[in-house]
Structures are given as C-alpha cells and as structure tokens.
Amino acid sequence: MSLLEIENLSVRFRIKGGWGRSAWLHAVDDVSLSLPRGKTLALVGESGSGKTTAALAAARLVPASEGAVRLDGTDLLTLEGETLRRARARVQVIFQDPYSSLNPRLRAGAIVREPMDALNTPPKAERADRVAELFAQVGLRPEQQALFPHQFSGGQRQRIGIARALATRPELIVCDEAVSALDVAVQAQILNLLRRLQAELGLTFLFISHDLGVVQHMSDRVAVMYMGRIVEEADRGPLFSAPLHPYTQALLAAVPSIDRRRRGRSAVKATGETPDPLNPPPGCMFASRCPRAEALCRETRPALEEKSPGHRAACHFPGPSGD
Amino acid sequence: MSLLSVENLRIELALRAGPAPVIDDLSFTLEAGRTLSFVGESGCGKSMTALAIMGLLPDVGRVAAGSITFDGADLTTLPDARLRQIRGNEISMIFQEPMTSLNPVYTVGEQIAEVLRRHRGMTGRDATARAVELLDAVRIPNARSRVTAYPHEMSGGQRQRVMIAMALACAPRLIIADEPTTALDVTVQAQIFELLRDLAHDTGTALILITHDMGAVAEMADDVVVMYAGRAAEAGPVEAILDDPRHPYTRGLIACVPHLTADPEAARGDLTEIPGIVPPLASLGASACLFASRCAHVHDRCHGARPPAFDCPAGQRAACWLEERA
Ligand SMILES: Nc1ncnc2c1ncn2[C@@H]1O[C@H](COP(=O)(O)OP(=O)(O)OP(=O)(O)O)[C@@H](O)[C@H]1O
Ligand SMILES: Nc1ncnc2c1ncn2[C@@H]1O[C@H](COP(=O)(O)OP(=O)(O)OP(=O)(O)O)[C@@H](O)[C@H]1O
Ligand SMILES: [Mg+2]
Ligand SMILES: [Mg+2]
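As you go down the protein sequences, you meet chains A and B in turn.
If you read the first sequence in the working numbering, its first letter stands for residue 2, the second for the next number, and so on.
If you read the second sequence in the working numbering, its first letter stands for residue 1204, the second for the next number, and so on.
Think of the hints as simulated: they come from the structure by calculation, not from any bench.
Warning: the hint list may mix true and false statements.
What the hints assert, rightly or not - Simulated coverage check for chain A against chain B, where a stretch passes if three residues somewhere in it have a Cβ under 8 Å from a Cβ of chain B: (1) 43 to 54; (2) 220 to 227; (3) 238 to 247; (4) 251 to 259; (5) 277 to 286.
What the hints assert, rightly or not - In silico contact screen, one side only, chain A against chain B (beta carbon under 8 Å); selected entries: (6) S101; (7) N104; (8) P105; (9) L148; (10) P150; (11) Q199; (12) A200.
Said to hold, decoys possible - Here are the in silico distance ranges between beta carbons for each label pair: (13) B/T1406 / A/L148: 31 to 37 Å; (14) A/D221 / B/S1270: 51 to 57 Å; (15) A/S309 / B/A1235: 31 to 37 Å; (16) A/R87 / B/P1440: 34 to 40 Å; (17) A/W25 / B/G1327: 29 to 35 Å; (18) A/L85 / B/E1442: 38 to 44 Å; (19) B/T1406 / A/A296: 39 to 45 Å; (20) A/P281 / B/T1326: 54 to 60 Å; (21) B/E1442 / A/R87: 41 to 47 Å.
Think of the CB as a built atom: it goes at the ideal place given N, C-alpha and C, for glycine as much as any other residue.
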C-alpha cells in the first residue's frame, strides 16, 4: 500500500489587489498523487508552479482548501492535538532555503538535537551520540556543533538542515530543493547518502528539484507541475525517454549540459508568457507557450488522463516532440 | 585596461586561533562584456571573493594583501563614500539568499523603486513604472499587479527574479551574481541566462557568475576559476577546462554531477564522490596542496609545497604538481 496518498488536493491563497479588491490564487489545483513506501516521487516544474505548496500542504504545514492526504491510511488533514503531533513526527521537511529555516541563535548541535527534544525520542542519554552520528553522516566536523548558523557557508548550512530532518528517523521526508544550494561534490555525497539511508531505513522521499539530472538519478516516479496542476506523471524511464507533454519536452530540452555546448544561444527558447495565475485562461495553461497549441487548447482545459499504463498526461495532443 | 583586475588578493578572517586566509593569492581579470564563472566547493571562498569586490566583507574579514582594480581605481584603498557610490551604481550584486536580502516589510515594487530613487534620482511615479518594467523584464507574470506583493507572497524563484530586477535597476557595468538561478527551473533559467547574455552583448555589462552547475558554466561563461579552499585550483577559458580538465579536483567536479542519461532505464550506481571534506579554516595558509588529502594522485611533493599555477597545453593554468613540465 502507498505510504502517502494525496487526493484532489487544492491550496488557495487570497491575494490583495489595489482598491481593496482581492483575488484567489490557485497555487495547487486538484492534485492527486500516490507514493509507495520506500520509493521516491519527484516533483518538478517551473518556479511558482506550486511544488513547495503542494508538499507543505501534504505535510500539513500549509492549510489545504480541499482534498485529502493519507499517511499510512490516516487522513492527516483531519487530525488534531497529540495524534497530529505524532503523525507529523513521521514527516520531516528539508527546506529549500537553509538561511531562513535555521534558528540563528542556536548552535548547530542544538539545532540538530531540537526535534529529538521536541518529540522526546531517542532517550535523553543517546541524543548527544545521535547528533554526533548525524554530523558525521552529512559531512560536518564534530567541533562544528559549537558554531552558529552564520558561521557556516551556504552549503554547510544545508547539511545542518538535512541532519536535523533525519534526527527523529522519520518515514517520509520532503526534500524541497534540498541539494540545490550544495556544490556538486557535496551534492554527490548527499544524494548517495539519501539513497543509502533510503535503502537502509526504508525511507520514502517526496523529492522536489529543478535539476533534472538529479531527479533522473533519484526518482522512481516523476510528476511534472505547471501552474498548480500536474501536467504529466510517469515512471522515471518513460518520463525521461518518451515524455508526452510539450512542457516536459521543453523542460528536458532546456537542461544546460557540458556535452551539448552550443554557446551563445539557449537550447529551447521557452517563448511566450506564462499566463497570470490570478486570471487563468479557460483552456490549457501551457497553450500560450506551446508550439503545438491549436484552438481547442485555448478553449478547453485538457484533463489529466492515463495515456498508457501508469503514464498520465494532461494534453489534447500528447506525443513525441517534433524535433 | 581590464574593467576588473584582481591581483594577489589575500583575505584573512580573524579567528580565535589566528588569522586564516579564506582567499589566498587569487588573481584574475575581467573585460567588459565578458562572463567569468567561479565554481567550487561550498565554503571555498566564492562568496567571500564577491563580497570583497563589493566592499562588504564581514567584520571579521579584511583584505590582507593584493589589489582589486575596477575601472582604474583600487577598491581596497578607496574612501568609503566613493566605494558606496561605485557599489550600487556601477557594480551590483545578486545575493545568494533572496529571503535575507529582501526586506519583508516592504513590497517588492517599493524596494526596486527605492534603488531607482537612491541611485538614479528617479521620482516616485517614474520609479514605480520602471519597477514594473524591470519585473516584466525578469519574466514575473502580471508584473503590474505583482509589484505590490510582499516577498513572502512569492515563490523562491520569483523572489530570486526580484533580486535580479533590483540588480539591473541601476544599469551597472559589473553584475556579480551569486548562484542566481539556483531556485529556478531550467526553462526560466534559460530565459534569465538569455537576459544576462543580452545585457552583456548590448550594454557591455560584465558578469561574474558564481555557480556550482558546470552546465551553467558551459552555457554562460567565457572564463572559469575553479576554487578550492580559498585558492584557484584551475583557471582559464571555459572550453579548455571542460574539454581537458587538468586539476584532479576539476575532474572530480565534472564527474560527480548526475547528467541526464540517454538510457534512463539503466541501473543507477552511486555517484562519483570526491571523498572527504574541505580542510578546516585553520589549515588554510599551509604551504602544501590543500586538496592532497582527497586526491587520488597524491604524492610526497603535494604535502611539502604549495603548487604554483602551471601553464597547460589547452590554455588554462592548473595549480597541481602533475602539471609541472620540464
Ligand atoms: N503565503 C503565500 N501567500 C500568497 N501566495 C503564495 C504564498 N505562498 C506561495 N504563494 C504563491 O503560490 C504559488 C506557488 O508557490 P510555490 O512556492 O509552491 O512554488 P514552487 O513551485 O515551490 O516554486 P519555486 O520553484 O520557485 O520554489 C506562487 O505563485 C506563489 O507566489
Ligand atoms: N562571518 C563569518 N565568520 C567566520 N567564518 C566565516 C564567515 N563567513 C564565512 N566564513 C567562512 O569562510 C569560508 C568561505 O566562505 P564563503 O561564504 O565565501 O564560501 P562559498 O564558496 O561562497 O560557499 P557556498 O558555495 O556554500 O556559498 C567558509 O569556510 C566559511 O565557513
Ligand atoms: Mg519551492
Ligand atoms: Mg556562497
């Protein structure tokens, strides 16, 4: 059974405009996903497409306006009090921004220890050893436990965040751009570490990254988001080798590569403008940028449908790219 | 004359144990309209180099030796008032962490307009109109209504684009971008890179791009400095360094990246790691190769003396004893 089931999840934000008017921003719009235990589901997509909001809503760190989120069969969105607190302990987040997520007044060792104290596990006597173990696992030196966040470089701070997330041995870890602030040498270590921990502890990852090389390396399944919705979802193999949605295709084509060095131009000019999320068009959200768009696309929004077993896409004209 | 020329720069941090050179004998030049990339391990001093050029070193840091010459003037000896004028008008920086550099209590439009008022002398209405144009230029959808948004109401990538808009606001001659597209997806990164390239092409703006993405380096940079522990491990034209990397650290950096593969169904092994971690600050001044403890090609010499930068056949310079030629 799936560890995490997200059903028809929507998150709206009220945006204040001028003259006392306000509008609703549908940051996450009718998202359904299922994540088997021990596997990695990657969320990819444009900045602002709702990846973080969807993941945070699933962890109940942002209020959902609709939908259900089941962790191991229990609906997280309806839990309260002590049961909520215990359920939450099973889900940890490694944040995108290591700067604002670390308490500047606590020493690094205390930051990593904090979740253990909050959840009162493991026994007090073991916590110092566990902190030391976590520091070693993420590649920090023992004496660095005594330093404050501002005394670390950006990448070093992210390692503290990862150590903290692992502290209480959670089952589901949301990795929100967890390695994007890291240089590649450390990134390789951390990615290997995450996969090793996954194999050893049976961890389940909801993995958000804009680096498609990293996603390809880490994921079992991939969901592509565009303006709050899932436009394509498939297993890693078919998604990368035979993407059906033109946005996924544009995304893969825009990856800068050291092999494909055609300098002074960009791989695919993602032409056209992204529509205003406060005033979305009636048809397909990607129509304004899509090389394949026809009248139908501007009028009717395509539903997310299974096009082949396990491969879903929301496109009126799915298929291989033209080039 | 180069727009920017850094010579034998040494930046020391005052630590309890004594001063540590977080930048040690670093030299490079940058011409107008060109892009120079700094790559290297977290903590190797990339941001510190940028902060030194901006005159924004932390209190514990100081320029201990060397010079930073911008447009003929040595920034390390200029009076503060003149430095402030250059910073903001002629050099601007896109910081690594957008959330701590944006002020949470002002709208993004107010913050961009403030830059325009302070540095360009624009007045209220013009400044606001220009702020909308700038947000539009960095591809924030519906810039006119988003200009009144507060930083926390934007996604990570949108905040980063606001930072870029602020950096563009005063039409600087040098932009220092510290991981500017880290939070962006590749189609937007491609747009931002194009924006920066056009800017370099049309206005001769020079760019220092700090990144850990070798792909981004390949797309954007003319020249590269690979930094390790405050020193340049390898430096030179981007083609030379990507096609024929000479320093074992550079080779490691290129090999450890998970690239998109043609066969995604293939079994995934572990990524190539560069074993170990960066040396502690206290060992930074040592007269040895600081990469030695992590290097597969280490030999006695590496522990005994710091390798100078040797010229390599492809045109770059590498600070590795293996590159010493008769
Ligand atoms: N607290 C909030 N109030 C209002 N709008 C918000 C809030 N948080 C997020 N948004 C908006 O919701 C949308 C989705 O944001 P989200 O942070 O989930 O995007 P993302 O896909 O994670 O982007 P990125 O890759 O840039 O991190 C964006 O348009 C953003 O501006
Ligand atoms: N305020 C400070 N006090 C003490 N040490 C500091 C301070 N700021 C930075 N350092 C140290 O100086 C060194 C260089 O840091 P710098 O921020 O330049 O690294 P970086 O190359 O930009 O790394 P990253 O890729 O992680 O951003 C690091 O070892 C860091 O720990
Ligand atoms: Mg996000
Ligand atoms: Mg930095």
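Hints, one by one, checked against the model:
no. : hint                         : verdict
1   : 43 to 54                     : holds (count 7)
2   : 220 to 227                   : violated (count 0)
3   : 238 to 247                   : holds (count 4)
4   : 251 to 259                   : holds (count 8)
5   : 277 to 286                   : holds (count 4)
6   : S101                         : 5 Å, holds
7   : N104                         : 14 Å, violated
8   : P105                         : 10 Å, violated
9   : L148                         : 11 Å, violated
10  : P150                         : 11 Å, violated
11  : Q199                         : 12 Å, violated
12  : A200                         : 11 Å, violated
13  : B/T1406 / A/L148: 31 to 37 Å : 42 Å, violated
14  : A/D221 / B/S1270: 51 to 57 Å : 53 Å, holds
15  : A/S309 / B/A1235: 31 to 37 Å : 53 Å, violated
16  : A/R87 / B/P1440: 34 to 40 Å  : 57 Å, violated
17  : A/W25 / B/G1327: 29 to 35 Å  : 31 Å, holds
18  : A/L85 / B/E1442: 38 to 44 Å  : 56 Å, violated
19  : B/T1406 / A/A296: 39 to 45 Å : 41 Å, holds
20  : A/P281 / B/T1326: 54 to 60 Å : 36 Å, violated
21  : B/E1442 / A/R87: 41 to 47 Å  : 56 Å, violated
Hint compliance for this structure: hints 2, 7, 8, 9, 10, 11, 12, 13, 15, 16, 18, 20 and 21 are not met, and every other hint is.
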